[in-house]
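Make the full structure from the sequences, and use the hints.
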Amino acid sequence: MTIYIDRRLNPKDKSLGNRQRFLKRAREELKRTIKEQVKAGRIADVDAEHRVPVPVRGTGEPTFHPDRTSGERQYILPGNKEFAPGDRLPKPGSGGGGSGSEGGRGGADDDFQFVLSREEVLELFFEDLELPDMVKLNLKEAVSFKPRRAGFATSGSPTNINVGRTMRNSYGRRIALHRPKREEVERLAAEIAQLEAQPNRKAVEQRIEALRQEWERLERRRKRIPYVDPVDVRFNRFEAQPLPNASAVMFCLMDVSSSMGEREKDLAKRFFVLLHLFLKRRYERIDIVFIRHTHEAREVDEETFFYSTQSGGTVVSTALEEMQRIIAERYPAREWNIYAAQASDGDNIAGDSERCAALLRNELMELCQYYAYVEIIDERETEIFGSTDNGTSLWRSYRSVGEKWPNFQMTRIARPADIYPVFRRLFARQPAGAARR
Amino acid sequence: MTVTSKSADSGLLFTGSDWNFATLSRTYDAIEKIALDELKLDVYPNQLEIISSEQMLDAYSSVGMPLMYQHWSFGKRFVFEENLYRSGRRGLAYELVINSNPCIAYLMEENTMAMQALVTAHASFGHNHFFKNNYLFRQWTEANAILSYMEFAKKYIAKCEERHGTAAVEAILDSAHALMDQGVFRYRRPPRLSSEKERERARERLEYEEQTYSDLWRTLPARTSDEISDEVEQEVAERKKRLNLPDENLLYFLEKNSLVLQPWQREILRIVRVIAQYFYPQRQTKVMNEGCATFVHYYIMNRLYDQGRIGEGPMLEILQSHTNVVFQPDFDDPRFPGINPYALGFALMQDIQRICNDPTAEDRDWFPDIAGTGAWRETLLDAWANHRDESFILQYLSPALIRNFRLFLLKDKSKDPYCEVASIHNERGYEGIRAALARSYDIGVNQPDIQVVDVDLLGDRHLRLQHNVKSGVLLEEQSRDATLRHVCRLWGYDVSLAGVDSETGATLYERTASAD
Chain A
-19 MTIYIDRRLN PKDKSLGNRQ RFLKRAREEL KRTIKEQVKA GRIADVDAEH
31 RVPVPVRGTG EPTFHPDRTS GERQYILPGN KEFAPGDRLP KPGSGGGGSG
81 SEGGRGGADD DFQFVLSREE VLELFFEDLE LPDMVKLNLK EAVSFKPRRA
131 GFATSGSPTN INVGRTMRNS YGRRIALHRP KREEVERLAA EIAQLEAQPN
181 RKAVEQRIEA LRQEWERLER RRKRIPYVDP VDVRFNRFEA QPLPNASAVM
231 FCLMDVSSSM GEREKDLAKR FFVLLHLFLK RRYERIDIVF IRHTHEAREV
281 DEETFFYSTQ SGGTVVSTAL EEMQRIIAER YPAREWNIYA AQASDGDNIA
331 GDSERCAALL RNELMELCQY YAYVEIIDER ETEIFGSTDN GTSLWRSYRS
381 VGEKWPNFQM TRIARPADIY PVFRRLFARQ PAGAARR
Chain B
119 MTVTSKSADS GLLFTGSDWN FATLSRTYDA IEKIALDELK LDVYPNQLEI
169 ISSEQMLDAY SSVGMPLMYQ HWSFGKRFVF EENLYRSGRR GLAYELVINS
219 NPCIAYLMEE NTMAMQALVT AHASFGHNHF FKNNYLFRQW TEANAILSYM
269 EFAKKYIAKC EERHGTAAVE AILDSAHALM DQGVFRYRRP PRLSSEKERE
319 RARERLEYEE QTYSDLWRTL PARTSDEISD EVEQEVAERK KRLNLPDENL
369 LYFLEKNSLV LQPWQREILR IVRVIAQYFY PQRQTKVMNE GCATFVHYYI
419 MNRLYDQGRI GEGPMLEILQ SHTNVVFQPD FDDPRFPGIN PYALGFALMQ
469 DIQRICNDPT AEDRDWFPDI AGTGAWRETL LDAWANHRDE SFILQYLSPA
519 LIRNFRLFLL KDKSKDPYCE VASIHNERGY EGIRAALARS YDIGVNQPDI
569 QVVDVDLLGD RHLRLQHNVK SGVLLEEQSR DATLRHVCRL WGYDVSLAGV
619 DSETGATLYE RTASAD
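Residue numbers (this note's numbering), protein chains in the order written: chain A, -19 to 417; chain B, 119 to 634.
Among the clues, some could well be false.
[Unchecked claim] Residues on chain A that point at chain B, a partial pick, calculated with CB under 7 Å:
| hint | residue |
| --- | --- |
| 1 | R(-12) |
| 2 | K(-6) |
| 3 | S(-5) |
| 4 | T39 |
| 5 | T43 |
| 6 | D47 |
| 7 | Y55 |
| 8 | G59 |
| 9 | K71 |
| 10 | A177 |
| 11 | R181 |
| 12 | E185 |
| 13 | F270 |
| 14 | Y287 |
| 15 | Q290 |
[Said to hold, decoys possible] Stretches of chain B that chain A covers, calculated by requiring three or more beta carbons in the stretch to come under 8 Å of a beta carbon on chain A:
| hint | segment |
| --- | --- |
| 16 | 170 to 183 |
| 17 | 483 to 492 |
| 18 | 513 to 525 |
Don't read these hints as lab results, they were simulated from the structure. Yeah, the Cβ is synthetic: ideal placement off N, Cα and C, and Gly gets one too.
Take a look at the structure:
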C-alpha cells in the first residue's frame, strides 16, 4: 500500500532563510548597487522594489575544477553530417571545440538579475544609520492590543451575551411563528375551568372538549417554539485593536520668504522626504506638521508648504513658537516621539537668532527626540563655509544649542548630491557606536 | 467489494486531465502490477508527496533533499532557479525523487493526471528500482539512514550556529563545500572506526612505545650522512604510512588530522563529506539512472495503453512529453546542451531489448552473449544492478546506436587552432567512439586527481597536495588559488599544491597558501 502525502499546505518559503543569508553575504555589493540606483533615480523611487544584478564578489564558490583551455581533451558529439576522420575544424573564438558536457549554470550568470523587495532595498539603504538614542520607547517591544467593541457575533462566551439584541430577535421570531401568548393559554384554561364548574355539564360537554383540544394545541405549540431559541442569541463582538505605542510626529519648518528660491525649496523638500522615509520605517504612525514662516508662522498643508510663496521678512522664532503651541495642543510629549527638521537659508531678522536658540535650548529640545537644522547655502559658499564655524547669525546661535543637546544636529547643504551624505551624518551611529567600529 | 475490484481491474483508469487521490492510487496500483509482475522490478516502499511549484523551487535549491542545513549558497541557488523559472526560461521538473527508504517522490500539483501516471512510473518504479539495486548505491549509500542523518545534520549545524555564531559556522561550511568534490572515497569504503575506538588505539600505541623505550639507543655512535639520508627517507615513508598517505579524500584527511579544528568543526566537515559521498553514485550513473527510469515509464505506459487502461488522449500527451524528454539536438543545433542523459540512456536500454529480441548479424558479432536470447529483462536487470555509466557504455553501446546518433569523436589540443575529427560512425570508428564516450562519463578521469601526499606533523606541518595532471589539463587558476586558501584555513598551516604531469613526472606548477 503506497502512501500519498499532500504537502501543498506545508509552509512555503523554506528557502527564505537561505535567501536572507545570501543577501547578507552579498551585502556590500548590493549596497553599492542600490546606492548608485538611488543616486540616479528619484528619491521617491527608493521606497520600492529594485532589480539588481546578482552580486559576484563574496559569493563565489571556488572548487578545484579543470581549466577548459589547457591540455588535450576529447568530445563525443551527436549529429555528424559531413565529417570524415582527419577533418579539421577551426576553433570558435575562446577555445573549446564543442560546448562539451558542461553547460547550464555558468553561462547565464552575466545577465542574471533578481528583484529585491522594498524592505530589502530600504534595509540596505539605511544600513548603519541609526535613530538617536530613544529614551521613551523600546521598539522591539510587542505591539499591545486593546479589545474594542466591533458589532455582534452569533458565537461567543456567555458573559458576552447581548441581552437586548437577543430578546429583540426572539421577539421577532415569536411574532413571525405565531407563538401562542401566555395570556391566551391562561384565558383558555380559565374558560375550561369555568365551564367545568357549571352545574349543567352535559350541555357544554362538547364545548369543553373543543376548548381542551385548542388548549392542548397551544401548549404544544408553545413547547415547539421556544421563548428564546439558540438562533436568537447574539454576543458582543470584540476586536483586538493594536495600540500604536510607536507614533511619531514630524515637524517640518521652513522659511518661505522670498530669499528662499526654487532651488532652496527643492533641496529642503528632498531632505524632508528622506527624513520621513526613515521615520516611516520605525514608527507605525507618523503625523507630519508643516509650519512655514516669514515674519509670522502658520501651519499649512503640504501643497501650500512647498508651492506657494509669501512675501515678508524673516522671523524664525515665530515658527518655533508655533511648533511649541502645536505640541502643547495636540502632541503631548509623553505620547509622541517628536522629530523636527528645519530648513532655512540662514537669514533672520537681527536679534531674533538669540531668541531662537534660547527657545530651543530651554524649552523645545526637552520635548524633541531629535532636531535637525539644515542650512541651505549657495554652491559658491560651500568653499567658504564648508568647514568653518563662521556663517549666518542663526548658524552661530544654533551652535550653542548643539553644544548642550547631543540630539540637535546642524549641517549645511548646497547640492542635491550633498543631501544623502548629510542625511547619513545626521543619523550616523552615536559616538559610542562609532568608537566601536 | 469484488464487484468494485473487478471494475478497477479493467477499463480506463482515469478520464480527463484532473487528478484526485482516488485516481492517483488506482493508477499507482495498475503501474505497480506491471512493474513488479512483468518487469520484475524490486523497489523500496513508495511515498508520494504532492507539492506546489514554490515547494519544488525550495527542493531544488537544497540539492533535492527534504531536509538540509542552512547556508547562503543554497539561497544563491534558489535566487538563481527562481529567476530562471519566473522569467520563463526554464520549466520545473515534473517530479523529484530521493534515494531513501521509503523512496520519496515529489509530484507537482500542476501535473495533469496523465503526467502524474508518467512520473509515478518514472520515479517511483524506475529510479526507485535503480536506487535499490545498483551496486554503487548499495555499496556507498544508506537509504535507510539518510533522512534521519540529514535531520541530525540540520539540527547539529543549527546548534553550532547558536553556540559559535553564524559567521564561524559559515566559514567552515564555505571551506568544506569548496572541497566537496575532493571529499569522497573513490576506491575504498570509509573506515568505520568510531572516534572512541580510535582514541583507545592511539593510547595503546603510546603506551607500547613508552614501555619499549630504552635510553641505550641514544648512546649509539653517530651515523654517516648516507645513513642519515636513508634514515630521513625511511622516516618520511613511515610517517606517510602512519597517516595513510597518499589520501585522495582531502576532507577526510583534514577532519582527522587538522590540528586547528575544534571537535564541532570536524563534525561539520564530516557532515559535508557524508553528503558528498551520498551523491557520489548519482553522479556516476546519470545516464543509466535516467535511462532505466525512462525505459520503465515507457514500457509501463505502453502496456497500460495496450490493456485499454489509458485512453488515447492521455497516451498522446504522455508520448509527447516522453519525446520531449528524450530529444537529442545535434551538436550544431543552438539548443545543444551536450549529450542528453535521458536520450542516451533510453536509447541504450531499448537497444539492448532490440538486440535480445531481434538481432542483426552485426549485433551477433558484437554481443554474442545476449543477441537473440530474448532475455532482455534479465539482461537489463543485470546491467542496472552491476554497472555504472562508464562500464555500461563500454559494454553495451552498439554500432547501430552510434549510427543512429551519428556520433563522432573530436580531438581538441589546446595548442592547435583547430579541432580534429578523430572517428566517425564507421567500422574503424566504433571502438574509438565507444571508448571515448565511456571515458567521458568516468568521474575519475574527468575530475582533477588531487591527493594529500606529505605532511610532517612534528616539523613545520607544511601540508603538501599533489595534482596529478592528466593530458595536460590544468586547473582553473583563480578558483584553484581560492580553494587552496580554503584548504589552508582548515589546515591552519602552510599548504602547497604541486601539479605533476602523470606521464613525465615533471612539476608543472606549484602554489603555496600561507597561514597568516
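Quick rundown of the hints versus the structure:
1. With a least beta-carbon distance of about 5 Å to chain B, the hint placing R(-12)(A) at the interface is held under the 7 Å criterion.
2. With a least beta-carbon distance of about 4 Å to chain B, the hint placing K(-6)(A) at the interface is held under the 7 Å criterion.
3. Checking S(-5)(A) against chain B: minimum C-beta separation of about 4 Å stays under 7 Å; hint holds.
4. For the restraint placing T39(A) at the interface with chain B, the shortest Cβ-Cβ distance is roughly 6 Å, inside the 7 Å limit, so the hint holds.
5. With 7 Å as the threshold, the beta carbon of T43(A) comes within range of chain B, its nearest partner Cβ sitting at about 6 Å, so the hint holds.
6. Taken as an interface hint, D47(A) checks out: its beta carbon lies about 4 Å from the nearest beta carbon of chain B, inside 7 Å.
7. Among the interface hints, the one on Y55(A) holds; its C-beta lies about 4 Å from the nearest C-beta in chain B, closer than the 7 Å criterion.
8. The interface hint given for G59(A) holds, since its Cβ lies 3 Å from the closest Cβ of chain B, which is under the 7 Å cut-off.
9. Given the 7 Å rule on beta carbons, the hint for K71(A) holds: about 6 Å separates it from the nearest Cβ of chain B.
10. For A177(A), the interface hint is violated, the least distance from its beta-carbon to any beta-carbon of chain B being 72 Å, above 7 Å.
11. With its C-beta approaching chain B no nearer than about 70 Å, R181(A) sits outside the 7 Å limit, and its interface hint is violated.
12. Below 7 Å, beta-carbon pairs count as interface contacts, and E185(A) has none with chain B, the closest being about 66 Å; its hint is therefore violated.
13. Below 7 Å, beta-carbon pairs count as interface contacts, and F270(A) has none with chain B, the closest being about 42 Å; its hint is therefore violated.
14. For Y287(A), the interface hint is violated, the least distance from its beta-carbon to any beta-carbon of chain B being 42 Å, above 7 Å.
15. The beta carbon of Q290(A) is not positioned within 7 Å of any beta carbon in chain B (closest approach about 52 Å), and the interface hint is therefore violated.
16. By the rule of at least three residues with a Cβ nearer than 8 Å to a Cβ of chain A, the coverage given for the segment 170 to 183 of chain B holds, with 7 such residues.
17. Chain A is given as covering the segment 483 to 492 of chain B, and this is violated because 0 residues of the stretch bring a CB closer than 8 Å to a CB of that chain, at least three being needed.
18. Beta-carbon proximity to chain A at under 8 Å applies to 3 residues in the segment 513 to 525 of chain B; the threshold of 3 is reached and the given coverage holds.
Figure legend: structure checked against the earlier numbered hints; hints not met, in rising order: 10, 11, 12, 13, 14, 15 and 17.
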